[in-house]
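**Q** Sequence:
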Amino acid sequence: MMRRYECVVRSRTTASPQTLFALVSDGARWSQWAAPLIPYSTWESLSPTGDAGVGAIRAVGRRRRPTREMITIHEPPGRHGYTMLTDGPIRDYQARVTFVEDADGTRVTWRGRYETRWRAVGVAYWMVLRVVLGTLMRKLVAAAERKAG
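Using this note's numbering, the letters of the sequence shown correspond one by one to residues 11 to 159.
Take these hints with a grain of salt, some might be off.
Using C-beta positions, here's what the derived DEER-type ranges look like [said to hold, decoys possible]:
id: 1; residue 1: 159; residue 2: 75; range: 34 to 40 Å
id: 2; residue 1: 134; residue 2: 11; range: 15 to 21 Å
id: 3; residue 1: 73; residue 2: 21; range: 27 to 33 Å
id: 4; residue 1: 72; residue 2: 102; range: 21 to 27 Å
id: 5; residue 1: 157; residue 2: 16; range: 25 to 31 Å
id: 6; residue 1: 131; residue 2: 20; range: 23 to 29 Å
Straight-line alpha carbon distances no greater than 25 Å define the calculated SDA-like cross-link-like pairs of lysine to any residue that follow [stated by the list, open to error]:
id: 7; residue 1: 157; residue 2: 47
id: 8; residue 1: 157; residue 2: 96
id: 9; residue 1: 149; residue 2: 41
I should point out that these hints are in silico values taken from the structure, not numbers from a laboratory. Where is the CB? At the ideal position from N, CA and C, for every residue including glycine.
Given the sequences, and given the hints that come with them, work out the whole structure.
**A** Rendered as structure tokens:
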């Protein structure tokens, strides 16, 4: 039986949704704002329409063994989503980043979901994912605020 897990991190920023979306949707530049967690990033292939939209595949992480992620949601400036193409002890990893503008700036939500057969793996991966998504969130917000000036 497969067990489902979800990890959600939230933040607020003065940066605009447009600035945040531009950073998170540019797979080749993740290593610029997410280092040292993401030391390498590139586009492996573009989408069928030749851009960074749905169907594009980015490679992030370590140069020798990058994680391959396919873009599944590309709705500027509100939503960006992706799925991990490599399965291991977890399956069907999907993430979604949303940007909602309000009177005080932008609310950002980064959500990751996955399945696994083993409860211990699911809980352990959730703890790691919480740290990874939290770190990515902090780095994304900081980069967007620097860019916004």
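**Q** Against the structure, test the hints numbered earlier, and report the numbers of the ones violated in rising order.
**A** 8
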